[in-house]
Amino acid sequence: MSTLISIEGLGKLYPKAGEPSLKEVSFNIHQGERFGIFGPNGAGKTTLISILCQIIPATEGQVRYFIKDREVSFSDIKQHIGFVPQDLALYEGLTAFQNVEYFGALFNMSAFQVRERAAHLFGLLGLSQVANKPVKTFSGGMKRRLNLIVGVMHEPGILFLDEPTVGVDIQSRTAILEFLNTLNESGTSIVYTSHHLDEAERFCDRIAVIDRGRVIALDEIGPLLREHAAADLTHLLIKLTGKEFRDHV
Amino acid sequence: MYKSFISIKKELLLLVNDKTGLALMFAMPLLLVLIITIIQDSAFKVVNENKISMLVVNKDEGAEGATLVELLAASGMFDLRLEEDCSFADFQESVASGKTLTGLYLREDFSSRFGEHAAGLSAMIMGEAGFSETLAVGESEAPSVYFMNDPVLQDNYVLSVVNMLNTHLNVMEVSRMLESLYAEMGFEELPASVKEALGSNRIKIERVLPKDQHLIPNSTQHNVPAWTIFAMFFMVISLGSNLVLEKATGSFLRLKSMPSSFWWVMLSKQFVYMGVGLLQVVFVFGVAMLLFPFLNLPPLLLPNNVPGILAVVLVSVFSAVSYALMLGALSRTQEQSNGFGAISIIIFAAIGGVWVPTFVMPEYMKMISMISPLNWSLEAFYALFLRGGEWSELWLPLGILLVFSFICQLITFLHLHRNRLI
Numbered sequence: 524m525s526t527l528i529s530i531e532g533l534g535k536l537y538p539k540a541g542e543p544s545l546k547e548v549s550f551n552i553h554q555g556e557r558f559g560i561f562g563p564n565g566a567g568k569t570t571l572i573s574i575l576c577q578i579i580p581a582t583e584g585q586v587r588y589f590i591k592d593r594e595v596s597f598s599d600i601k602q603h604i605g606f607v608p609q610d611l612a613l614y615e616g617l618t619a620f621q622n623v624e625y626f627g628a629l630f631n632m633s634a635f636q637v638r639e640r641a642a643h644l645f646g647l648l649g650l651s652q653v654a655n656k657p658v659k660t661f662s663g664g665m666k667r668r669l670n671l672i673v674g675v676m677h678e679p680g681i682l683f684l685d686e687p688t689v690g691v692d693i694q695s696r697t698a699i700l701e702f703l704n705t706l707n708e709s710g711t712s713i714v715y716t717s718h719h720l721d722e723a724e725r726f727c728d729r730i731a732v733i734d735r736g737r738v739i740a741l742d743e744i745g746p747l748l749r750e751h752a753a754a755d756l757t758h759l760l761i762k763l764t765g766k767e768f769r770d771h772v
Numbered sequence: 003m004y005k006s007f008i009s010i011k012k013e014l015l016l017l018v019n020d021k022t023g024l025a026l027m028f029a030m031p032l033l034l035v036l037i038i039t040i041i042q043d044s045a046f047k048v049v050n051e052n053k054i055s056m057l058v059v060n061k062d063e064g065a066e067g068a069t070l071v072e073l074l075a076a077s078g079m080f081d082l083r084l085e086e087d088c089s090f091a092d093f094q095e096s097v098a099s100g101k102t103l104t105g106l107y108l109r110e111d112f113s114s115r116f117g118e119h120a121a122g123l124s125a126m127i128m129g130e131a132g133f134s135e136t137l138a139v140g141e142s143e144a145p146s147v148y149f150m151n152d153p154v155l156q157d158n159y160v161l162s163v164v165n166m167l168n169t170h171l172n173v174m175e176v177s178r179m180l181e182s183l184y185a186e187m188g189f190e191e192l193p194a195s196v197k198e199a200l201g202s203n204r205i206k207i208e209r210v211l212p213k214d215q216h217l218i219p220n221s222t223q224h225n226v227p228a229w230t231i232f233a234m235f236f237m238v239i240s241l242g243s244n245l246v247l248e249k250a251t252g253s254f255l256r257l258k259s260m261p262s263s264f265w266w267v268m269l270s271k272q273f274v275y276m277g278v279g280l281l282q283v284v285f286v287f288g289v290a291m292l293l294f295p296f297l298n299l300p301p302l303l304l305p306n307n308v309p310g311i312l313a314v315v316l317v318s319v320f321s322a323v324s325y326a327l328m329l330g331a332l333s334r335t336q337e338q339s340n341g342f343g344a345i346s347i348i349i350f351a352a353i354g355g356v357w358v359p360t361f362v363m364p365e366y367m368k369m370i371s372m373i374s375p376l377n378w379s380l381e382a383f384y385a386l387f388l389r390g391g392e393w394s395e396l397w398l399p400l401g402i403l404l405v406f407s408f409i410c411q412l413i414t415f416l417h418l419h420r421n422r423l424i
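Protein chains in written order, with our numbering: chain A, 524 to 772; chain B, 3 to 424.
In short, the hints are calculated from the structure, not lab data.
Take the hints with a grain of salt, since some may be wrong.
So the derived label-pair ranges between C-beta atoms look like this [what the hints assert, rightly or not]:
#1 A:Lys766 with B:Ile348: 53 to 61 angstroms
#2 A:Thr582 with B:Ile370: 38 to 46 angstroms
#3 A:Glu767 with B:Ala250: 28 to 36 angstroms
#4 B:Ile373 with A:Lys766: 31 to 39 angstroms
#5 B:Phe273 with A:Arg737: 45 to 53 angstroms
#6 B:Arg334 with A:Val595: 50 to 58 angstroms
#7 B:Ala352 with A:Arg638: 49 to 57 angstroms
#8 B:Ala250 with A:Thr582: 25 to 33 angstroms
None of the values given here were measured: they were computed from a predicted structure.
Beta carbons are placed, not taken as given, at the ideal position from N, Cα and C, and that holds for glycine.
One chain only, chain A, in its complex shape (with noise of 0.2 angstroms):
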């Protein structure tokens, strides 16, 4: 599998932070992946994502993204990522088609591929009747399902999922996960975290376990249970992470 994302010694200090967030991560994300990266609160998750989405920079490290085996250079790659926050970052006082609108156009997106690409997506993820409504009557799966459509719009290359499904109903969960599936299956390479672990069992190609800000582990998911005698990627973490409370202030 070609690279798609190259990371190497990638490390994080926060002005006034004693300790680094991140520290010597090095790792490759291969090209069509799913990849997860899971870890205790505050191991340092969030914090990789928002440096792979250039939302904040790195202290340490460079991270290198390829498309099509081309190097593309740091201000260029934007185009091509998607990022779903964990936030729900929407207005709610617009209607899903409003949301959709204004971040497709910031995406670059003419009018017409605006209206083409919502119609197809609020059709897939079930908002089509909803469409014109605002934001602030939907159900919380809703708006979950719409803050992804918002990440997609622009038939990214590169997904990032910061906790896409938390909090959402069983349904909500099933159709974004499969929505998901078709993505990843139509050539997007998805980087993904969550705390629902049978979840992400089932849908990653590979993990990254962070702890403390360094990769404890990253591989498969079957060898890595294999290597370390756990049932399932719940008793994996556990293994790895311990079972102290990561309570922070």
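Starting from the known structure of chain A, arrange chain B on it as the hints suggest.
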């Protein structure tokens, strides 16, 4: 183009959804302008308790001018600034530009004409008494003094100053005549016809109006610009909250992962709220021009300097937008933004002269008022709506407002950047 259009459309839709913000921006200024214009007289009574600054140019070659100045000084009502080497044009310029609140100009022939007038009256009295032929009062023209006021002064306030001057001139006039008459005739009481003549042919005080003579300073000219500015700055509630909401929902973070600059968002917000500010001005000014006469209020009169109005309105709205963005950027919650925003605008309005004119404030408050953008905006509007609106009077307030706006925009950018939101 499509991106700009959709960004502006999104801001407009968010604004339309903000019913409270819209009410604050449009209904509030209308109510304030109506209420304050109607009750303005009582609101400005306080000014009568202050010393009135007066530029006195005494060109009189006799003694009467000096006597008048002494009387004014002795009254304790005026803070006199005496100038001798001052032309009538300089006198006009000095008062019209607001360097002094009032001005009195005494011509070279004031004493001689005063004497002639008094002599004429005495002769008439003598005639009435049968000591000489009767001289018609109309043949003895009363002398003039020139009075001018800063157009920023309320009209009723100006009238009280004029009345005060009249009183002093009357005292001089009557005493002058009585002296001569009592000495020569020995009358104990003036005849009624003489008293009547004294009352009907009094010394004239000629008010000199600013250059743009169609502008009559009144409660409407004072209050409509002042309260429109106040409402304009109240957009901090709507725009500040709007920005806080963007930060809170993570929209900015999503934007950072997109190939569009944060400035698309900020510029579209500024564009829409600039439009809102302009609409506020059109709405309130329109009501004041068209509806006020039906409420027995003087209609708003626009100055001739139309480009000046446009510049002042645009720069004032830009200042309000910049301040609102800064507060929105610095606030963590909508409560912070709304609370601090409202209080800060009320304080800026109070120290900026929107409620009580800055000229009645103590010196240290006048200094403090300079930090208020509303003060400079008001200065610019008053220069237009009350003083006739020369560009030379607009550069300073407009320049200061632009510097204020630049600082607000810079703080907004630096704060959002420091917090990794852009």
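*Identify every previously stated hint that the structure contradicts and give their numbers, smallest first.*
When the structure is compared with the hints, numbers 4, 6 turn out to be violated.
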